[in-house]
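K.L.:
Here are the chains, one letter per residue:
Protein chains: 2
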Amino acid sequence: MDVQPKLQRWLCLVMYILFGIAVQISGGPAEDLIDRLPGQPKVNFKQYAGYITVDEHAGRALFYYFAEAEDDSDSKPVALWLNGGPGCSSVGGGAFTELGPFYPRDDGHGLRKNLQSWNKVSNLLFVESPAGVGWSYSNTTSDYTCGDESTARNMLVFLSKWFKRFPEYASRDLFLTGESYAGHYIPQLANKLLNYNKVAKRYKFNLKGISIGNPLLSLNVDTAASYEFLWSHGLISDESNIAILKSCKFDKRIKNVDVIDISKECDDILKQVEQEIGDYVNEYDVILDVCPPSLIEQELRLRKKVSHMSLGVDVCMTSERQFYFNLPNVQKALHANRTNLPYDWSMCSNVLNYSGYDEGIDILPVLKDIIQQGIRVWIFSGDQDSVVPLMGSRTNVRNLANDLKMSVKVPYRAWYHEGQVAGWTTVYGDLLTFATVRGASHMVPYSQPARALHLFRTFLSGKDLPDQQ
Amino acid sequence: MDVQPKLQRWLCLVMYILFGIAVQISGGPAEDLIDRLPGQPKVNFKQYAGYITVDEHAGRALFYYFAEAEDDSDSKPVALWLNGGPGCSSVGGGAFTELGPFYPRDDGHGLRKNLQSWNKVSNLLFVESPAGVGWSYSNTTSDYTCGDESTARNMLVFLSKWFKRFPEYASRDLFLTGESYAGHYIPQLANKLLNYNKVAKRYKFNLKGISIGNPLLSLNVDTAASYEFLWSHGLISDESNIAILKSCKFDKRIKNVDVIDISKECDDILKQVEQEIGDYVNEYDVILDVCPPSLIEQELRLRKKVSHMSLGVDVCMTSERQFYFNLPNVQKALHANRTNLPYDWSMCSNVLNYSGYDEGIDILPVLKDIIQQGIRVWIFSGDQDSVVPLMGSRTNVRNLANDLKMSVKVPYRAWYHEGQVAGWTTVYGDLLTFATVRGASHMVPYSQPARALHLFRTFLSGKDLPDQQ
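Residue numbers (my numbering), protein chains in the order written: chain G, 2 to 470; chain A, 2 to 470.
The hints are simulated quantities; they were obtained by calculation from the structure and are not laboratory data. Just so you know, not all the hints are guaranteed correct.
Short derived list, chain A residues pointing at chain G, Cβ under 7 Å [claimed, not checked]:
hint: 1; residue: 235
hint: 2; residue: 282
hint: 3; residue: 293
hint: 4; residue: 414
hint: 5; residue: 420
hint: 6; residue: 437
Covered by chain A, per the in silico footprint, the following chain G stretches (three or more residues, Cβ under 8 Å) [said to hold, decoys possible]:
hint: 7; region: 278-284
hint: 8; region: 430-443
Ideal placement from N, C-alpha and C gives every residue a C-beta, glycine not left out.
Put together the whole structure using the sequences plus the hints.
P.N.:
Laid out in structure tokens, this is it:
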């Protein structure tokens, strides 16, 4: 993905913006500083939230939440986190239910500390991207029809302007991270930053590495892997698996960039498969319980058998977050929803019309380009996720390594945390790492917070995951 | 498997023994009644343990433990439970760490109640089989060289004599259940009982059904499935999986009944695979932590990070049991070890020389025969087990159903317990059920006690697993 000529005017704009960074006074902007979030426990780090306008003319603005590191924020890197979807909220997802400093309280009225927050090791930036997601918006409705290219372009502008607003972080080591469809967002954004750096005269983004969890990278490999996972984890029958292998040519589908038109036969099987899986299993974590639907909850409560906890995880956290984020005083404290959007905040957008075709873009060449420029790439995978499962990601990484003619530096082996196997890992060359996280969902830091933090800390350090505890 | 002529004398002996049952006085034998086990909480049901001599001449005797049902023992069926191995203890495994009424306390000096014991719904009989396992023994050392046929034959004699000793249970509904290599033991024993019944003049075993968890049924299918499981659950690399598929012809190996001689190439890969998996993962439950080795435990204890609990399961229970069973007063209370064996009690036998060739016996024809005689067959599978994984069992059941020309009665779907998906199930015809247990290990009742009890209760009832909660 080279910089296309039509983007030259964007790069000029970005360079113009960044030119000013060096002469800015350091410190975050007072107007974005969060005083205190409703029901928030006391903490010693600063938080900021607000909007960055990425297109004045269209009235297009992206909402961000920034949590400084718990200690020594001035010596720690900046990590951007993006959730996927496409169309899901990084502030709702990453920041408040996965790796940020707070989780919603179970009454939905306040917050509790996340003891494994990634702001122990990094300053954390979360962005609702593209416009139309969460509290990000555009005054030009047609902006909500978008895709990978415009999303990456807007994020480049966002980061340029954000670093201008936070000049003390502008030259800090920068890491890009995220999950799921951020398998598209993050590499494409990294590519934009690196291309920008190539033509930049003064300011350059100090990009050091990218790390993506359960990422969509290659739709044909990832889709086939998804059904293989469902079968090998017992969610679908032998009969269906055999029928899928016979009738569903995912490869062919992707090559034609025709993501809707699959054969009638295949379509029928995939519908039957949904019946087999049923409605009460979390496909993002096949062994985690689900938050009980209210009717069942009522009945179970009578029998004193209801629980919101499964394997130590609060499985109702998404409802609690939904409630908390729609409290007016929460939105006020976050400087969010400044335009009074005509809909409630929701985790994934109902207004976005994101290009379905872009799902089919092969991300491996983008990753190849990034690695060839000396940037560290980690692909990690919660091993309980059937949606973008580990087998697809592992195969994608192997294919990438083969393409790059990288040899195995760390042969596939277990990695450890607190005396237990925390997952498996393999490293190709000096820059490409694959790692699973044992017992983790699609949302790795949500279901395995301690292992996820350890993985992220190791990623930042540039070391390999520990061999033994 | 028909009754072979050379076994006629055994059947005569058995019939002779059973002839007396009807005229016996009811009630368990006073000499086998357990007064109270050391450190045992108070309970209202009776327990018995002791020896049944299955061959007077050889001095061959099998040790059993029998726990009556918690309530209404006189109206509940009898279930025999056998652990596998071959060579592992049903009393140590099934009775005291899986589905029996007690678990060892974490100090190893006493017992605690298993709140999900299967004696809520059945009278439970556990037998150390064959001689050489646990406290079962023979005074004729050559008896320790044995295999499937002699094991089943001895168990037939055992059951005949046991029912004579416990006459009030002799006509009760009988269910055979177990796990792992009991995939060989149970069907072969059922076959023996049914063949006995065919020629019996008076007493007949009242066999109603068999149920086996993570059973070895067809070594070629089960072995291939094991490596597929390891791969799809992230424990081994893509590279190894590809190499295994290329070099390891498990099918060929089994057909030749040549279980040792695999190709050098395949052997090398399987060794490498062990490296990849590492030493600190429980292959019988790939997401459960392991009991920390003492050196690591010491270090972790200093950092206050040691835990014996993983996902609510005491992962050190096997050590606690080992300690408890070797206490002299425990052995005395159990009427065990009456010959002062020259070795400690251990979960799996070190003296047995069990035929490796018998692993290769195809059990599907035996199951077919049993079903054709109207006996209910359930195959269940803890879905976290890589040793005899669900995919192999599921395929075996499908192959069996196809062979029997049974149609699908219950299409593959989730089953429920306490408002959550407890696994998936499918039923063929009226008698053949397959079910997974979600989040369960090879030892299903150990890691998912509530789901396991619900499954067993449903099996006994003759119903299908619940569709919704």
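K.L.:
Indicate, hint by hint, whether the structure satisfies it.
P.N.:
Going down the list of hints, with the structure as the test:
Checking residue 235 of chain A against chain G: minimum C-beta separation of about 4 Å stays under 7 Å; hint holds. Here the hint on residue 282 of chain A is kept, as its CB sits about 5 Å from the closest CB of chain G, short of 7 Å. About 5 Å separates the beta-carbon of residue 293 of chain A from the nearest beta-carbon of chain G, less than 7 Å, and the hint is met. A cut of 7 Å between beta carbons decides the hint on residue 414 of chain A: the least distance to chain G is about 6 Å, and the hint holds.
Evaluation of the residue 420 of chain A hint against chain G yields a held restraint, the C-beta minimum of about 5 Å falling below 7 Å. Evaluation of the residue 437 of chain A hint against chain G yields a held restraint, the C-beta minimum of about 4 Å falling below 7 Å. Against chain A, the region 278-284 of chain G contributes 4 residues with a C-beta closer than 8 Å to a partner C-beta. That satisfies the three-residue criterion, and the hint holds. Chain A is given as covering the region 430-443 of chain G, and this holds because 3 residues of the stretch bring a CB closer than 8 Å to a CB of that chain, at least three being needed.
In the structure shown, no violation is registered for any of the earlier numbered hints.
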